[in-house]
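K.L.:
Starting from the given sequences, assemble the full structure and let the hints guide the process.
Number of protein chains: 2
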Amino acid sequence: MAESSRRLRPEPRYGTRPTMKDVAARAGVGLKTVSRVVNGEPGVTPDTERRVQEAIEALGFRRNDSARVLRKGRTASIGLVIEDLADPFYGPLNRAVEEVARAHGALLINGSSAEDPEREQELVLALCARRVDGLIVVPAGHDHRYLEPEIKAGVATVFVDRPAGRIDADAVLSDSFGGARAGTAHLVAHGHRRVGFIGDQSVIHTAAERLRGYRAAMADAGLVIEPGWISLGTTDPDRVREAVAAMLDAPDPVTAIFAGNNRVSVTVVRVLAGRARPVALVGFDDIELADLLDPGVTVVAQDAATLGRTAAERLFQRLDGAADAPERVVLPTRLITRGSGELPPAH
Amino acid sequence: MAESSRRLRPEPRYGTRPTMKDVAARAGVGLKTVSRVVNGEPGVTPDTERRVQEAIEALGFRRNDSARVLRKGRTASIGLVIEDLADPFYGPLNRAVEEVARAHGALLINGSSAEDPEREQELVLALCARRVDGLIVVPAGHDHRYLEPEIKAGVATVFVDRPAGRIDADAVLSDSFGGARAGTAHLVAHGHRRVGFIGDQSVIHTAAERLRGYRAAMADAGLVIEPGWISLGTTDPDRVREAVAAMLDAPDPVTAIFAGNNRVSVTVVRVLAGRARPVALVGFDDIELADLLDPGVTVVAQDAATLGRTAAERLFQRLDGAADAPERVVLPTRLITRGSGELPPAH
DNA sequence: CCGTCACCTGACAACGTTGTCCAGGGCCTA
DNA sequence: TAGGCCCTGGACAACGTTGTCAGGTGACGG
Chain L
710 MAESSRRLRP
720 EPRYGTRPTM
730 KDVAARAGVG
740 LKTVSRVVNG
750 EPGVTPDTER
760 RVQEAIEALG
770 FRRNDSARVL
780 RKGRTASIGL
790 VIEDLADPFY
800 GPLNRAVEEV
810 ARAHGALLIN
820 GSSAEDPERE
830 QELVLALCAR
840 RVDGLIVVPA
850 GHDHRYLEPE
860 IKAGVATVFV
870 DRPAGRIDAD
880 AVLSDSFGGA
890 RAGTAHLVAH
900 GHRRVGFIGD
910 QSVIHTAAER
920 LRGYRAAMAD
930 AGLVIEPGWI
940 SLGTTDPDRV
950 REAVAAMLDA
960 PDPVTAIFAG
970 NNRVSVTVVR
980 VLAGRARPVA
990 LVGFDDIELA
1000 DLLDPGVTVV
1010 AQDAATLGRT
1020 AAERLFQRLD
1030 GAADAPERVV
1040 LPTRLITRGS
1050 GELPPAH
Chain Z
710 MAESSRRLRP
720 EPRYGTRPTM
730 KDVAARAGVG
740 LKTVSRVVNG
750 EPGVTPDTER
760 RVQEAIEALG
770 FRRNDSARVL
780 RKGRTASIGL
790 VIEDLADPFY
800 GPLNRAVEEV
810 ARAHGALLIN
820 GSSAEDPERE
830 QELVLALCAR
840 RVDGLIVVPA
850 GHDHRYLEPE
860 IKAGVATVFV
870 DRPAGRIDAD
880 AVLSDSFGGA
890 RAGTAHLVAH
900 GHRRVGFIGD
910 QSVIHTAAER
920 LRGYRAAMAD
930 AGLVIEPGWI
940 SLGTTDPDRV
950 REAVAAMLDA
960 PDPVTAIFAG
970 NNRVSVTVVR
980 VLAGRARPVA
990 LVGFDDIELA
1000 DLLDPGVTVV
1010 AQDAATLGRT
1020 AAERLFQRLD
1030 GAADAPERVV
1040 LPTRLITRGS
1050 GELPPAH
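Chains L and Z are the protein sequences, given in the same order.
Residues in the first sequence are numbered consecutively from 710, following the numbering used here.
Residues in the second sequence are numbered consecutively from 710, following the numbering used here.
It is worth saying that the hints were derived from the structure and are not from the lab.
It cannot be assumed that every hint is accurate.
For identical chains, the list gives no copy identity; a pair is met inside one copy or between any two copies.
[Claimed, not checked] Straight-line distance between alpha carbons at most 25 angstroms, and here's what the computed DSS-like set of lysine-lysine pairs gives:
| no. | residue 1 | residue 2 |
| --- | --- | --- |
| 1 | Lys861 | Lys781 |
| 2 | Lys861 | Lys730 |
| 3 | Lys730 | Lys741 |
On a predicted model such as this, the values are computed, not experimentally measured, just so you know.
P.N.:
Now the structure itself:
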């Protein structure tokens, strides 16, 4: 192996990576031949190929994909921007997107917008500068016109969990309105007339939809929502705690609560656990171990993995050339009864 | 604005992105001047800068970072390989790494190894081909010599949660041994002599360490572990269920169980909830809502966010030139008592 | 009025890869 | 044996950016 193949260049110094040129020199072949071997292209004699492989091995060569990208135009990577990588709701979504990307030979670059429109934009544009082939975005902002030049330039973009603002783009959503309506109706069906709603900031599309669903269900039942039954604007545990306390300690307290998302639900469960009088609860989003609590937490579950998978598949359809009009896919939610939502009103 | 600035090139066609050359032509300046404006370099007249900015705006130009990377050598991106993006344990770790990366102006590329050494290697090498500046890896395999050429070429690498195999590299770990020992000792201190251990595959470093901790605590107390008290090899709920059932239905059953990680704990909690006789439980890893169960689940908690932050900070120290010997950082665990671990033995 | 200097600006090469195209040689056929 | 074809291998340009360097312009001082 290490026979008398004199180097034409000095051994690359520490911190410098060997290039195809180095490999070619060492193997005594042309540059393009190395490229062919590395990419498994035909037209190389077994003997030549062996020599090249040995040189690659000896030098620890690894193709520089940056250069490759520059030449080929595609990066085989997609960007995923979500609200918070640490939120358990997004874990399965993230994973599902990754699986689809992997099946298409693409890598995943991702980041958290932290529910900050500026940070979302910064992140998205950074991904565009990296020339990701496509983007999957859980939008934090409400104006995505900044994406227009990118989309026109060919960056496939799919929004997930919430729709895009002020541009026409593919979106994959859960049926927040229908889910909240069904969840609230479930409480009403169990005899509740005084139902509270604790949601997130109503600028968030899903939060607004869920509020709308709650209102619709109450209206359907001919119930008038009193001021003080609705809390919006924050998922901060302390604030949610206060809001719940206020609803329960009012002169004429609510007998049931609809919680607008997983974070709110967890806090509400904690508050209710410390109360003597039972209060019914239905939460949006499933929670781990919800079945083991006493009572089990009844939830309107959405399928985050399907959300992610559907969005990613749509994205790759686009990348494969699908050019039909942007569409909005709405996935159904599922009511899972576990006890907390079936408690009768206590007075 | 849109005055008579004749184009020197035709408008780029759909799907093609404008380059600095296009911008330069449109603004009637040189290529390098555009580069200067884009990068905020000094030495450009306000008037020239304005013209360039207008051209950038009009064309929707965005710098191609692939080309930039090729020229500059650094990608301002780091790779993170974990076991499963969907595992709630890794969410905070992921997020912490992202925050540190963001503070250093780097993007995060990440993927799941799915506990498969081959897939880990594939992913890591793909990241190296992208020329990430650094790598943070939760290793699935036990031989990382394949990384030697990469590390020699300057890819900073930090292992997290588990150490590297067969190479000398930085690692940030939780004290699995100490935590398991303390957790088991806690059960023993509450009068248990017959304590079962349900763990993951013992080829996983943390799983082996936890088993070792359990054995050490039992030995410390002069207790002999009977065959049948230890279950290893899987976190599959059905198998764990069987294992727990076997321990509890044995002629001389265990009175307490130490669960080796969060997934196992959840399953064990489910099984115990269906049993009449109370069984004490301490689990490794904290679980959401563990405090609300009855009894609350006593756990040995590790701090995933700190794990991630520490690893990422170490990585950027390396990238900033730190060249000291690889070190192993071990973070302490914390026993959180909530009830399940303080149950007395039932006979 | 001219030299000097500071400041802008642009031409050019280089980063490492891949696509195009051509040269050379071996082999088959007429 | 000549002609032509196929197979292998290599030279060269191009991808879009940045670093280097040199040229050009205007101001200012002697």
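K.L.:
Indicate, hint by hint, whether the structure satisfies it.
P.N.:
Against the structure, the hints:
For a Cα distance limit of 25 angstroms, the shortest separation of Lys861 from Lys781 inside one copy, 19 angstroms, qualifies, whereas the shortest one across copies, 28 angstroms, does not. With identical chains, the CA atoms of Lys861 and Lys730 are at most 25 angstroms apart between copies only, with a shortest distance of 19 angstroms across copies and 37 angstroms within one. For the identical chains of this complex, Lys730 and Lys741 are intra-copy neighbours only, at 9 angstroms inside a copy versus 28 angstroms across copies, given an alpha-carbon limit of 25 angstroms.
The structure meets every hint from the earlier list without exception.
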